[in-house]
Amino acid sequence: MAKLYQEQYVWRLPVRWYHWINAITVTLLFLTGIYIATPIFVPAVGEATWYHSMAWIRYIHFGSAFIFIANFLFRMYWGLFGKDPYARFAGFKPWKPLWWGQPFRDQLASYFFLRKDEPNYCGHNPVAALTYFLFIFSGSLFMIITGLAMYSESNPGGFLDKLFGWVIPIFGGSMRVHTVHHLVAWAFVVFLVIHLYAIVRHDIMDKSSVTSSMITGFKTRVEECPEYAD
Amino acid sequence: MKEKQTYAEIMEARGIDRREFMKYCSLLSVYLGLGAAGLPRMLKAMETKPRIPVIWLHGLECTCCTESFIRSAHPVVADIVLNMISLDYDDTLSAAAGHQLEAVRKQIMKEYKGQYILAVEGNAPTKDNGVYCMVAGDSFLNLLKETAADAMAVISWGTCASFGCVHNAKPNPTGAQPVHKLISGKPIVNVPGCPPIAEVMTGTIAHLLTFGKLPELDRQGRPKAFYGTRIHDKCSRRSYFDAGMFVESFDDEGAQKGWCLYKMGCKGPTTYNSCSSMKWNDGVSFPIQSGHPCIGCSEPNFWDNGPFYTRLANVPFVGTDSNADRIGLVAVGAAAAGVAAHAIGSAIKKKSDDNGTEE
Chain A
13 MAKLYQEQYV WRLPVRWYHW INAITVTLLF LTGIYIATPI FVPAVGEATW
63 YHSMAWIRYI HFGSAFIFIA NFLFRMYWGL FGKDPYARFA GFKPWKPLWW
113 GQPFRDQLAS YFFLRKDEPN YCGHNPVAAL TYFLFIFSGS LFMIITGLAM
163 YSESNPGGFL DKLFGWVIPI FGGSMRVHTV HHLVAWAFVV FLVIHLYAIV
213 RHDIMDKSSV TSSMITGFKT RVEECPEYAD
Chain B
18 MKEKQTYAEI MEARGIDRRE FMKYCSLLSV YLGLGAAGLP RMLKAMETKP
68 RIPVIWLHGL ECTCCTESFI RSAHPVVADI VLNMISLDYD DTLSAAAGHQ
118 LEAVRKQIMK EYKGQYILAV EGNAPTKDNG VYCMVAGDSF LNLLKETAAD
168 AMAVISWGTC ASFGCVHNAK PNPTGAQPVH KLISGKPIVN VPGCPPIAEV
218 MTGTIAHLLT FGKLPELDRQ GRPKAFYGTR IHDKCSRRSY FDAGMFVESF
268 DDEGAQKGWC LYKMGCKGPT TYNSCSSMKW NDGVSFPIQS GHPCIGCSEP
318 NFWDNGPFYT RLANVPFVGT DSNADRIGLV AVGAAAAGVA AHAIGSAIKK
368 KSDDNGTEE
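For the protein sequence lines, the chains are A and B, in the order given.
The first sequence lines up with residues 13 to 242 when you count with the numbering used here.
The second sequence lines up with residues 18 to 376 when you count with the numbering used here.
It is worth saying that the hints were derived from the structure and are not from the lab.
Where is the CB? At the ideal position from N, CA and C, for every residue including glycine.
A couple of the hints might just be wrong.
As a list, the in silico BS3-like pairs of lysine-lysine whose alpha-carbon atoms are at most 30 Å apart [unchecked claim]:
(1) B/Lys187 to A/Lys15
(2) B/Lys144 to B/Lys198
(3) A/Lys174 to B/Lys241
(4) B/Lys296 to A/Lys174
(5) A/Lys219 to B/Lys144
(6) A/Lys174 to B/Lys230
(7) A/Lys219 to B/Lys40
(8) B/Lys61 to B/Lys40
(9) B/Lys40 to B/Lys241
(10) A/Lys15 to B/Lys366
(11) B/Lys280 to A/Lys219
(12) B/Lys280 to A/Lys128
(13) B/Lys61 to B/Lys127
(14) B/Lys130 to B/Lys198
(15) B/Lys130 to B/Lys187
(16) B/Lys162 to B/Lys127
(17) A/Lys15 to B/Lys40
(18) A/Lys95 to A/Lys128
(19) B/Lys280 to B/Lys241
(20) B/Lys130 to A/Lys174
(21) B/Lys144 to B/Lys123
(22) B/Lys367 to A/Lys128
(23) A/Lys174 to B/Lys203
(24) B/Lys368 to A/Lys174
(25) B/Lys274 to B/Lys241
(26) B/Lys162 to B/Lys123
(27) B/Lys130 to A/Lys128
Short derived list, chain A residues pointing at chain B, Cβ under 8 Å [as the list claims (entries may be wrong)]:
(28) Tyr63
(29) Ile148
(30) Gly151
(31) Ser164
(32) Ser166
(33) Gly170
Between beta-carbon pairs, the in silico distance windows are [what the hints assert, rightly or not]:
(34) B/Ala354 to A/Lys128: 40 to 48 Å
(35) B/Asn331 to A/Ile81: 54 to 62 Å
(36) B/Ala351 to A/Arg127: 38 to 46 Å
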């Protein structure tokens, strides 16, 4: 059977910008975060006025955190109010049984090798959408709330403290908040491993060019064409 | 018991002159964060209000709060406040004992119904009807509830009474619970620390005695004046933290030069207390200044956030003590292994699909 390949503009510029800003800030946040917990470059001699390594790493962590938050909020806006059919959250309704219906099962079956062909989706496939919701939406929201709560500790009674200070007693103290923030940070690495594998695999298995689509915006739609009989 | 003397009268009777009295009041108003404007209010309260009796109970604890309290660096504060208390009821410091002492407690509860202050050192075990801490033939749990019922306010001394400390650390075999979880409907102030700083204790009690109400509290019921900021933010070694100059072991050069103890497990960045500003023993020093990392003794769950000498806290993970990084690496390893297995499956599938197409 022959296949028909058709290019389709799926990811508009705001979505692609969001993706790459998110990718860069998450990478920076993870690396600087791990360094803050375990600083390794300790000078052997000197005065405290000579160095600023920890201050700089923390500055990068907090700086990228605020860019990350702004980017996250923009994506929320774009998903809720943007006129972009592939980036809207309107279709994501996991509380409705219908959402878990055929498209979701087809995709899951394909991932478990229970189906021969690869289902095609223009936007996110439903299984991918669910992982984005769990890791990128819920994970980010968790990191933003716990992160801002810890950030607010340096200015007790300040604006952020009033907004997010309640988080700290909920976890049973500042140390606990640090620990859960650190643990959930690793979830992003777990996600990254799966995400990178999944996009490369899709490119090989169903030729939908998802990998390059995040740069060009074009995904490839694949259709089976019936061959003409002689 | 003599009727309703004011604090000023008690001090005068004890031979404290006006000048000393003024010094004491100014000191207190500064401690309490009231500033210079608070002094006239403090003076007025001291001169007009009758003294309030204090009942000081001991539950599951180590008496380090009392030890700290009686070592208050300012003798005037200690003398006045301590005498006001020991006159009434404190089973560690009172001369009386046994039935005699219990009679005093009952008498105060009756005569000053709704007017006395209950200071609790330690917490109460709740399992098996509280048999794991018995006082005067009854469980401490009952004693605490009985005494709190008619109290004007409750002071929870130390981390034991405030958050549970070692007694409700995992696995908490006696079901120990901090005071605020056992008593409701009363104003409660938490004064955590193991022990709390003596001046913090006298400051808190003096505020209650003079103004008849609790000082301003934060979200965890602690006086804002003393527990408003982290030790880290006022630490004398903070510049070494920002510079990234850390002690790596207790006898290295950094340790000798007084670098930051963050990598030695210092809990200063997550601990709210006044150690780095008020210090201990008349402002002589505090743990970090003396070269030891803060263990976070005034924080809830501090025994379960250990070990004391590593930055990352232990996290229980499939029956072992692990930490966030180790768990993270295991999770990433598992994801990588899953992905590799899936990749092999996909390769086999693709091969069979391709073969199928060719046929």
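Each hint, compared with the structure:
1. Using a Cα cut-off of 30 Å, the hinted pair B/Lys187 and A/Lys15 is violated, with the two alpha carbons roughly 62 Å apart.
2. As the CA atoms of B/Lys144 and B/Lys198 are separated by approximately 14 Å, the hinted pair is consistent with the 30 Å bound.
3. Proposed proximity of A/Lys174 and B/Lys241 is supported: the alpha carbons are some 14 Å apart, at most 30 Å.
4. Taking the CA atoms of B/Lys296 and A/Lys174, the gap is about 28 Å. The hint holds against a cut of 30 Å.
5. The straight-line distance between the Cα atoms of A/Lys219 and B/Lys144 is roughly 64 Å, outside the 30 Å bound, and the hint therefore fails.
6. Taking the CA atoms of A/Lys174 and B/Lys230, the gap is near 24 Å; set against the 30 Å cutoff, the hint holds.
7. For the proposed pair A/Lys219 and B/Lys40, the alpha carbon gap of about 83 Å is over 30 Å, so the pair is violated.
8. In summary, the hint linking B/Lys61 to B/Lys40 is supported, as the alpha carbons are separated by about 14 Å, within the 30 Å threshold.
9. Our distance criterion of 30 Å between C-alpha atoms is met by B/Lys40 and B/Lys241, whose separation comes to about 23 Å.
10. Between A/Lys15 and B/Lys366 the CA atoms are separated by roughly 18 Å; this keeps the pair inside 30 Å, and the hint holds.
11. Note on B/Lys280 and A/Lys219: the hinted pairing is violated, with a Cα-Cα distance of about 50 Å set against a maximum of 30 Å.
12. Using a Cα cut-off of 30 Å, the hinted pair B/Lys280 and A/Lys128 is violated, with the two alpha carbons roughly 54 Å apart.
13. Of the supplied pair hints, the one linking B/Lys61 and B/Lys127 holds, its CA atoms being roughly 28 Å apart against a limit of 30 Å.
14. Distance hint between B/Lys130 and B/Lys198 is fulfilled; the C-alpha atoms sit about 23 Å from each other, no more than 30 Å.
15. A distance of roughly 38 Å separates the Cα atoms of B/Lys130 and B/Lys187; the hinted pair therefore is violated under the 30 Å criterion.
16. Restraint check for B/Lys162 and B/Lys127: satisfied, since their Cα atoms lie roughly 15 Å apart, inside the 30 Å limit.
17. For the given pair, A/Lys15 sits about 93 Å from B/Lys40 by alpha-carbon distance, which is inconsistent with the 30 Å threshold.
18. Between A/Lys95 and A/Lys128 the CA atoms are separated by roughly 35 Å; this puts the pair beyond 30 Å, and the hint is violated.
19. About 29 Å separates the Cα atoms of B/Lys280 and B/Lys241, which keeps this hinted pair within 30 Å; it holds.
20. Straight-line distance between C-alpha atoms of B/Lys130 and A/Lys174 comes to about 38 Å, which puts the hinted pair past the 30 Å bound.
21. At roughly 26 Å between alpha-carbon atoms, B/Lys144 and B/Lys123 fall within 30 Å of each other, so this suggested pair holds.
22. In summary, the hint linking B/Lys367 to A/Lys128 is supported, as the alpha carbons are separated by about 9 Å, within the 30 Å threshold.
23. As the CA atoms of A/Lys174 and B/Lys203 are separated by approximately 25 Å, the hinted pair is consistent with the 30 Å bound.
24. Proposed proximity of B/Lys368 and A/Lys174 is contradicted: the alpha carbons are some 59 Å apart, above 30 Å.
25. Of the pairs offered as hints, the one joining B/Lys274 and B/Lys241 is violated, with about 33 Å between alpha carbons and a cut-off of 30 Å exceeded.
26. For the hint linking B/Lys162 to B/Lys123, the alpha-carbon distance of about 13 Å falls within 30 Å, and the restraint holds.
27. Restraint check: the Cα-Cα separation between B/Lys130 and A/Lys128 comes to about 81 Å, which exceeds 30 Å; the hinted pair is violated.
28. A cut of 8 Å between beta carbons decides the hint on A/Tyr63: the least distance to chain B is about 4 Å, and the hint holds.
29. Look at A/Ile148: its Cβ only gets to about 16 Å from chain B, farther than 8 Å, so that hint breaks.
30. The beta carbon of A/Gly151 comes no nearer than 13 Å to any beta carbon in chain B, farther than 8 Å, and the hint placing it at the interface is violated.
31. Checking A/Ser164 against chain B: minimum C-beta separation of about 11 Å lies over 8 Å; hint violated.
32. A hinted interface residue such as A/Ser166 counts as satisfied when its beta carbon comes closer than 8 Å to some beta carbon of chain B; here the least separation is about 6 Å, so the hint holds.
33. Annotation: interface hint on A/Gly170 violated; nearest CB of chain B at approximately 12 Å, more than 8 Å.
34. For the pair B/Ala354 and A/Lys128, the supplied restraint of 40 to 48 Å is violated, since their beta-carbon distance comes to about 26 Å.
35. The beta-carbon spacing between B/Asn331 and A/Ile81, approximately 30 Å, falls outside the hinted interval of 54 to 62 Å.
36. At roughly 25 Å, the beta-carbon separation of B/Ala351 and A/Arg127 lies outside the given 38 to 46 Å, and the hint is violated.
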